[in-house]
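Q: Single-letter residue listing:
Number of protein chains: 2
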Amino acid sequence: MRDVTIIGIGQTPVGEHWHKSLRQLAGEAVSAALQDAGLERADALYVGNMLSGEIAAQEHLGALIADFVGLRGIEAYKVEAACCSGAAALRIGYIAVAGGLQDIVIVCGVEKMTDVLGRDTTAALALAGDGDYEAALGLSFVAINALLMRRYMHEYGVCHQDFAPFSVNAHRNGVGNPYAMFRWPITAQAFAQARMIADPINLLDSSPIADGAAAVVLCPTAQAGEFTNHAVRIRASATATDSVALHDRRDPLFLSAAYQSARKAYQQAGIRPQDLDLFELHDAFTIMVALSLEASGFAERGQGVRLAQEGEITLEGRIPICTMGGLKARGHPVGATGLYQVVEVVQQLRGQAGPNQIEGASLGMAQNIGGSGATVVTTILERAE
Amino acid sequence: MRDVTIIGIGQTPVGEHWHKSLRQLAGEAVSAALQDAGLERADALYVGNMLSGEIAAQEHLGALIADFVGLRGIEAYKVEAACCSGAAALRIGYIAVAGGLQDIVIVCGVEKMTDVLGRDTTAALALAGDGDYEAALGLSFVAINALLMRRYMHEYGVCHQDFAPFSVNAHRNGVGNPYAMFRWPITAQAFAQARMIADPINLLDSSPIADGAAAVVLCPTAQAGEFTNHAVRIRASATATDSVALHDRRDPLFLSAAYQSARKAYQQAGIRPQDLDLFELHDAFTIMVALSLEASGFAERGQGVRLAQEGEITLEGRIPICTMGGLKARGHPVGATGLYQVVEVVQQLRGQAGPNQIEGASLGMAQNIGGSGATVVTTILERAE
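Sequence order for the protein chains is Z and Y. Just so we're aligned: the first sequence equals residues 499 to 883 in my numbering. Just so we're aligned: the second sequence equals residues 499 to 883 in my numbering.
Next comes chain Z alone, as it looks inside the complex:
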């Protein structure tokens, strides 16, 4: 098996791109990533996307985007794993390069959620859950997360306001990220007063749906020096799955797939959680932040919110999270999110994170979650010396 390195990154601003089509968004991110790597070609393109068929009336994104960026002919497919589609595509790209089947691989995550040409967005997002036993009964995706949050509050005796620091931190960091959708800070008081979405989840617990695309270029580490002096190695790529339906899990408050994929990733990389300089986690809702921190070894069960209250998750804290705004403030173009997370870790490790730069960051982790924890991919990245 070959060691794999990221030699190029690209992203579009996250937001409502009414004047850009899905292929244009993907094309911008892919072209930027290729340019960043100083390349004009690649051997394969894997596209992470969840809802192009349902919302944008387009499947077959692999061939479509490959052709659009001038790479007609190369191997190209779409990979889907709900909100984890981006990192699932990255995982396929990693497998292809690590295994020696491809040399230069582009991985792109893209989602176009405005311009709805099919199922409405809430109904489309419910397809991340169990269609027969959750969505068919009217359980939207935010409602699933609301059940989790209510149970967490009950089980651990915490109140809704205890989750405020997660959103406050994300918004504070979004200010410094030119690609973020929300570039303004929020207060804990604003969080307390935000409009209810699905009790107890309010507007400021929730990440916004959006349009966006992000991409990386991978190659074998042994070849990386030919292309860049900003190489970032993939130290670990690990995944695990769980039941899609919440009611099928023994303990809904334990993200088993996040735990398993993080554990495998730490083993692969030969590190402990405390060795990490930052952690881009999947803050689709504030409850997922607490559960991810706990499953990934940063807090005991029920203690995720305490970590935030003690300031440990800020840029100056022990384990900075959502350093470029996270899903909450950067935005959550569903199938693209996994690639945005990785691009942001690469920015930090290269020292290109601008006002949000974590001094001397050399080791970072990204964790992309599909559904309410049914598919999780954890990636550990390290600045090449």
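In case anyone wonders, no lab produced these hints; they're calculated from the structure. Don't be surprised by glycine CBs; every beta carbon is placed ideally from N, CA and C. Some hints here could point you the wrong way.
[Said to hold, decoys possible] Residues of chain Y clear of chain Z, computed beta-carbon distances all greater than 10 Å:
#1 H558
#2 Y575
#3 E578
#4 L615
#5 A692
#6 P698
#7 F725
#8 N727
#9 T739
#10 D746
#11 D775
#12 R799
#13 R804
#14 E808
[Stated by the list, open to error] One-sided and incomplete, this derived list gives chain Y residues near chain Z with beta-carbon spacing under 7 Å:
#15 E552
#16 Q556
#17 E557
#18 K576
#19 A594
#20 L599
#21 G616
#22 A626
#23 A686
#24 A690
#25 P750
#26 A882
[Claimed, not checked] Selected chain Y positions facing chain Z (Cβ under 10 Å, derived; list incomplete):
#27 N547
#28 V673
#29 G723
#30 V875
With chain Z fixed as given, assemble chain Y onto it according to the hints.
A: Frame of chain Z; chain Y shown alone:
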């Protein structure tokens, strides 16, 4: 790179399964394939599917099906490339095993097209084409193929009836396949009189939409002997892409991606087309049969229909095609088709094709086509000695 072998196959009958859900169909095929391999576990599951979101109101098939078959926790994603989704998933499975990242991999293709819970089926199938420039203008998928067929007839001076032997052959072979949707023969006269769908394509030029699932189990060839004495080696796995929109191609009657992927496959396997004992091609419409035979080296341009007229494509012919009924008679559950093709080649190479058995078959090819030729995966299989 490791040599890869198919050690298990499974399939459901193709048809209208009103009483079975998508996960049940997939579960049946996966369980059958695992049982055939004498296995109860696997390291990963890659699911080929095109329309689960649009039609069956379910994304996130990887985790969903892995859990349903008792393999909660393993790596699992959906792979999509329109009608080539099945073989695209196979290609990912091949990459994972050949590269050494996974040992035992299940690849499943599944499509549930009855019970429409979203976009109607014709609109959904149009997502295989270019959404902005074909589907948005009302060009359905059958209409795209009708344009191709009309142009072929004009360019090469053949008439509609010249395509009859393709359908007659497929239906004849469907009779002997217990998993086929249409198990009755048709005559050339019936072909001539069939109801028009999109001029010049009539009902008997067209494969039927359907429900179904098929699966294979892969492992490194070096380990195959532990599991089966019916091993079938993957001698080549090759892919290529083209523009999604027909109007973007220099020569719409030349399936460039089929040509490229077949050429690469022949090179990998070190064989010539005439060495093959059978060829499971993508006869979604009769025009695609002619174009596939020409692009894959079995006939000169414009001569594909002659091959059929001369009886070369029957079970007794020089290059038998659609030996278990093809898309036309076995049925075309879109995202499952690529796996059905491979399962059927394996049946032939194992000597398990019943009344349709090609005596002494040792080398077969499957070619799965997405859209009107935008994604093509060609797989060459050989009976292990």
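Q: Does each hint fit the structure? Answer for all of them.
A: Here's how the hints hold up against the structure:
1. H558: violated (4 Å)
2. Y575: violated (5 Å)
3. E578: violated (4 Å)
4. L615: Answer for L615(Y): violated, closest chain Z Cβ roughly 8 Å.
5. A692: At about 29 Å from chain Z, A692(Y) clears the 10 Å cut-off, so the statement holds.
6. P698: holds (25 Å)
7. F725: Correct as stated: the minimum Cβ-Cβ distance to chain Z is 21 Å, above 10 Å.
8. N727: holds (28 Å)
9. T739: violated (4 Å)
10. D746: D746(Y) not clear of chain Z: closest Cβ-Cβ about 7 Å, inside 10 Å.
11. D775: The claim stands: D775(Y) keeps its Cβ more than 10 Å from every Cβ of chain Z (closest is about 27 Å).
12. R799: R799(Y) is indeed farther than 10 Å from all Cβ atoms of chain Z, at 20 Å.
13. R804: holds (29 Å)
14. E808: The assertion about E808(Y) holds, with a minimum of 33 Å to chain Z.
15. E552: holds (5 Å)
16. Q556: Given a least distance of 4 Å, the restraint on Q556(Y) holds.
17. E557: holds (4 Å)
18. K576: holds (4 Å)
19. A594: Holds. Min distance 5 Å.
20. L599: Hint holds; L599(Y) Cβ to chain Z Cβ min 5 Å, cut 7 Å.
21. G616: holds (6 Å)
22. A626: Interface hint status for A626(Y): holds (5 Å vs cutoff 7 Å).
23. A686: It is violated, given that the least Cβ distance between A686(Y) and chain Z is near 34 Å, above 7 Å.
24. A690: Violated. Min distance 33 Å.
25. P750: violated (14 Å)
26. A882: Where the cut-off is 7 Å and the nearest Cβ of chain Z is about 22 Å from A882(Y), the hint is violated.
27. N547: Since the shortest Cβ distance to chain Z is 8 Å, the answer is holds.
28. V673: Given a least distance of 33 Å, the restraint on V673(Y) is violated.
29. G723: violated (22 Å)
30. V875: holds (9 Å)
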